[in-house]
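Given the structure of chain A, go ahead and fit chain B with the ligands onto it with the hints provided.
Protein chains: 2
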Amino acid sequence: MKKHIVLLPGDGIGTEVMEAAKEVLTTIADEFNHSFSYEVHDIGGVAIDFHGTPLPKQTVEACNNADAVLLGAVGGPKWDQLPSHLRPEKGLLGIRKALDLFANLRPVKSFDHLLHASPLKEELVKGSDLLIVRELTGGLYFGTPSERQQNGQSVVDTLFYTRQEIERIVDKAFQCAQTRRKHLTSVDKANVLESSKLWREIVEEKKQQYPEVTVEHLLVDAAAMKLITNPTQFDVIVTENMFGDILSDEASVLTGSLGMLPSASLREDGVGLYEPVHGSAPDIAGQGKANPIAMILSSAMMLRHSFGLDEEARLIEETVESILNAGFHTADLNMKSGQQIGTVEMTQLIVESI
Amino acid sequence: MKKHIVLLPGDGIGTEVMEAAKEVLTTIADEFNHSFSYEVHDIGGVAIDFHGTPLPKQTVEACNNADAVLLGAVGGPKWDQLPSHLRPEKGLLGIRKALDLFANLRPVKSFDHLLHASPLKEELVKGSDLLIVRELTGGLYFGTPSERQQNGQSVVDTLFYTRQEIERIVDKAFQCAQTRRKHLTSVDKANVLESSKLWREIVEEKKQQYPEVTVEHLLVDAAAMKLITNPTQFDVIVTENMFGDILSDEASVLTGSLGMLPSASLREDGVGLYEPVHGSAPDIAGQGKANPIAMILSSAMMLRHSFGLDEEARLIEETVESILNAGFHTADLNMKSGQQIGTVEMTQLIVESI
Ligand SMILES: [Mg+2]
Ligand SMILES: [Mg+2]
Chain A
340 MKKHIVLLPG
350 DGIGTEVMEA
360 AKEVLTTIAD
370 EFNHSFSYEV
380 HDIGGVAIDF
390 HGTPLPKQTV
400 EACNNADAVL
410 LGAVGGPKWD
420 QLPSHLRPEK
430 GLLGIRKALD
440 LFANLRPVKS
450 FDHLLHASPL
460 KEELVKGSDL
470 LIVRELTGGL
480 YFGTPSERQQ
490 NGQSVVDTLF
500 YTRQEIERIV
510 DKAFQCAQTR
520 RKHLTSVDKA
530 NVLESSKLWR
540 EIVEEKKQQY
550 PEVTVEHLLV
560 DAAAMKLITN
570 PTQFDVIVTE
580 NMFGDILSDE
590 ASVLTGSLGM
600 LPSASLREDG
610 VGLYEPVHGS
620 APDIAGQGKA
630 NPIAMILSSA
640 MMLRHSFGLD
650 EEARLIEETV
660 ESILNAGFHT
670 ADLNMKSGQQ
680 IGTVEMTQLI
690 VESI
Chain B
340 MKKHIVLLPG
350 DGIGTEVMEA
360 AKEVLTTIAD
370 EFNHSFSYEV
380 HDIGGVAIDF
390 HGTPLPKQTV
400 EACNNADAVL
410 LGAVGGPKWD
420 QLPSHLRPEK
430 GLLGIRKALD
440 LFANLRPVKS
450 FDHLLHASPL
460 KEELVKGSDL
470 LIVRELTGGL
480 YFGTPSERQQ
490 NGQSVVDTLF
500 YTRQEIERIV
510 DKAFQCAQTR
520 RKHLTSVDKA
530 NVLESSKLWR
540 EIVEEKKQQY
550 PEVTVEHLLV
560 DAAAMKLITN
570 PTQFDVIVTE
580 NMFGDILSDE
590 ASVLTGSLGM
600 LPSASLREDG
610 VGLYEPVHGS
620 APDIAGQGKA
630 NPIAMILSSA
640 MMLRHSFGLD
650 EEARLIEETV
660 ESILNAGFHT
670 ADLNMKSGQQ
680 IGTVEMTQLI
690 VESI
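Protein chains in written order, with the working numbering: chain A, 340 to 693; chain B, 340 to 693.
Pulled out of the complex, with its shape left as it was, chain A reads as follows:
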C-alpha cells in the first residue's frame, strides 16, 4: 500500500514523539511491504515564529492533499501572551475545521502495569477498554445565534444539528463497534432535549443496519456516573459534541495513563488527523524524556481508520502493551518498579519487538 502522510510535529515534545512515530511507521512499512512517504509542515508556535501565523496556508494545502495527518502537540509559555487569534491552539482548531473532521475518536484502555496510577480502585478499572466517538463539528459549540441580546441583559447559544450530521456520526460509531466488542452506548439527554430525541430516533433507525451490535441508551448524567462506577461495562460510546467533550475528558483520567492516550479525528472519506491527547510539555522538551507511546498509538489508529490496516495497527498496540507489561516505562509514569528509559530507548524497544 502506498500512502502519503503529512507530519505536523508542532511544539515542545511534539518533535521528539513525532520522530518516534515515524520510526515505528517505517518499521511497519518494511515489515508489511507498504510505501509511506512523509512531508513535514509547521503548525502552532513554531509556525508563528517562522510564518507569523499558527496555521500557514501551505500547511493546510499539504494536509488537504495527504492520505492522513499526524500531529504532535502545540503551545508553550513562549506564545502565551499573544492575542487570542495568534495562539498556537488556533492552529489546531483551524486545521480540524479546514479538514472538516466530524468524528473524534478517543480510546481509553487500562494497562495492567499502570493500574497503580489510576484514581480508581484497581479491581474496578482493570480491563477497561472503551472508545468514545464524539461529534466534532456541530451542536452547541457551533450553532448560531451565539451572542448577547437585549443590550447585554441576556445571552444565547444554540444547539443545532441536521439529521445528516447525526446520521454520519452514528454510522461511524456502529462501524467502530463492529470491529470491537459489538456494544454501542448512545449518550443523550432525551428526557429533556429535542435534539437528543432526534439523536435517539436515529440510533434506533440505524441499528437495523447493524444487527450484530447491541445498543443501549444512557442519559448523559447517568453516563458520567457509570464511567466511574463501572468503566468496564462500556465498549463504544457515541455522543454529541459537548457531551463528548465532557465525557471524553472524564474518561481520560480513569486509567491513570493520560500520557498514553491517542486520538483520531476523521473526515467522511476516511482522511484523518491523529494526535496524542497530551500536550506539548514544554518543561521536559528536548530532554529525551518524553513518552512517545500516545503518538505511536495515534499512528496505529491512523493505520486502522485511514488506511484500513487493522493487522498492522494491532501489532503496534500489542507490542506497546507487552513492553509496558515487561516493566519498561518513561519518567512520566512514575512507577516504583521496572526500568525507566527515555524516548529513544522506548522507541527502539518497540521497533525491535515489531
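There's no promise every hint is true.
Pairs involving identical chains hold if they fit within one copy or between any two copies, as the list cannot separate such chains.
Stated by the list, open to error - Okay, derived cross-link-like pairs now, DSSO-like style, lysine-lysine, Cα gap no bigger than 27 Å in a straight line:
no., residue 1, residue 2
1, 460, 675
2, 417, 536
3, 565, 675
4, 429, 536
5, 460, 396
6, 448, 565
7, 565, 429
8, 565, 628
9, 521, 675
10, 565, 511
11, 460, 565
12, 675, 465
13, 436, 511
14, 448, 460
Hints in this document: simulated from the structure, not taken from any laboratory. Since this is a predicted model, take the numbers as computed values, not measurements.
Structure of chain B with the ligands alone, referenced to chain A:
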C-alpha cells in the same frame, strides 16, 4: 422559632425515611425551643392513585404557603406504564417549577468509615467535602426554540440566560462559600460559549462583593477530570443547569455514599424543597431496611438554608457522622464490620445522641 413544614413522603421508602426526619426535627425543636408544625400531602405515585394526578392542586397550594418542603421520593414499577404526563416524576418536576426553585444545592462529603465503598482510591477521596450549586430554571433545558425544523431534517435547542438569572445563582454560591471554606470554583465553557463568557464576567464582577472568597474558573471538561483526580481541592462549585446536572451526578458517586446524599432546591426568598438524592427503592419499601440518613441530612439542610439555623443543622450532621464512625450502618452500605441496623434503630440512635 416558629416554622410550618410541608411533608411530601411520596412513594416506596419515602414514607419510612420521612418519618425518621420528622422525629429528628421534633427532637431538635424540643432541644432548641423551636416550634415546627407539619402538614402531609401526596405527590408522585400515591397522588396518582388517590387524586388521578402526580401533583394535586392542594399539594402545590400547601407548598406555596409553607416555610419549607421536605420530599421523600417518587416512583415505582406500579406507575411505569402510564403515559409520560402521568408519571410520578412529573410531580417532582412540577413542584420544583411551581415553587420557582432556581438554586439546586448538592453537597458531597466522604465519611471515613465508608471509604471502602468509594470507586476511588481511599487516600484520594478521604476528606472530600464539596457543594455543587447548580442553576435550575434556565439554560439549555428550558430555552426556546426547542424543536424540529426543516420538515424534521434538523433540530434545535436553545441555551438562554438573562444576566439576572446568572447573578442570583452566583450570589447564592458566594453566600454558601462564605459559610464554608471560602473557595468558589466557577465552571463554564468560556473558551467556546457566549453564555459562559457572560457567566465568567458576572462571577468576576460579583467577587468584589465577597472579598474573603477566593475564586477560580474551570472549564467544564477540566472540572469533570479534576472531580476524579483531586476531589478534595473543591469547596463550592457553581455552574449552569446542564453542566451542573452532569457534574453533580458525577460527584455523587465519588465517595461511595450515594445513599447518604441530601439535596436542596431554593427559591429567592429562602423557601426551599429538600430531598434525598436517592430514589424510592421499591424493592426494599416497607421492610424497615431503608437508610434514613439522606432524608435526615436533607432536613438539616432545611434548617440551615431556609431557617438560618446553622447550629442545629451542624448538630444533626455531626451526630450522623459520629454514629457512622462508631460502625452503625444500614443494609445498603454493605459493610464488612460494624453493626447493621434498620431504619427505626438508626433514627433512634440519632435522636438519642442529639
Ligand atoms: Mg475537552
Ligand atoms: Mg441528573
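> Okay, which hints does this one fail, numbers in order?
Replying inline: 5 and 9
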